[in-house]
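Novice: Sequence:
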Amino acid sequence: MTPEPQPLPEEISAVLQFLGRTRAGYGYLPRREIAKIKASMMNQWSRWHPLTPEALERGCLDAGFRPDEASKIAGYLTRRHNGHRLVPSESRDFRFSKLEPATRTVHVQRTPKHSQEW
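Note that the sequence shown covers residues 1 to 118 in UniProt numbering.
No lab work stands behind these hints: they were computed from the structure.
A portion of the hints provided could be inaccurate.
Said to hold, decoys possible - Distance ranges between label pairs, derived from CB positions: (1) Gln6 to Arg31: 28 to 34 Å; (2) Arg95 to Arg21: 16 to 22 Å; (3) Gln6 to Ser71: 27 to 33 Å; (4) Asn82 to Ala24: 30 to 36 Å; (5) Asp68 to Glu90: 31 to 37 Å; (6) Gly27 to Gly83: 33 to 39 Å.
Note that the Cβ used here is the ideal one computed from N, Cα and C, for glycine as well.
Make the full structure from the sequences, and use the hints.
Specialist: This is the structure we're talking about:
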């Protein structure tokens, strides 16, 4: 019998939910958001250190990431656990502030394309 997986800390869950909403808006995870994750893992290691890569990957999938994106982010955590540095392409000093968990869903209305849709 396998032990029940531990839930993610609330602040990590809030970060992943924020990134999941950003990802949903674009249809993919933008490069600048990946750079922010790398920078946060380097600058806020005490926040990320207690996590296992498997728990982070599961959290990413729950937040709406594609499996390859979740695997990539879990791979960054594995690299950090092994003592490697992550070099973000931008946002080197970025730190996620304390994010509040999303309490409501925001629906974005698309812009009408034809006068008949107004």
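Novice: Look at each hint and say if it fits the structure.
Specialist: A quick look at each hint next to the structure:
no.: 1; hint: Gln6 to Arg31: 28 to 34 Å; result: holds (30 Å)
no.: 2; hint: Arg95 to Arg21: 16 to 22 Å; result: holds (19 Å)
no.: 3; hint: Gln6 to Ser71: 27 to 33 Å; result: violated (20 Å)
no.: 4; hint: Asn82 to Ala24: 30 to 36 Å; result: holds (31 Å)
no.: 5; hint: Asp68 to Glu90: 31 to 37 Å; result: violated (21 Å)
no.: 6; hint: Gly27 to Gly83: 33 to 39 Å; result: holds (35 Å)
Violation of the numbered hints given earlier is confined to hints 3, 5; the remaining hints are satisfied by the structure.
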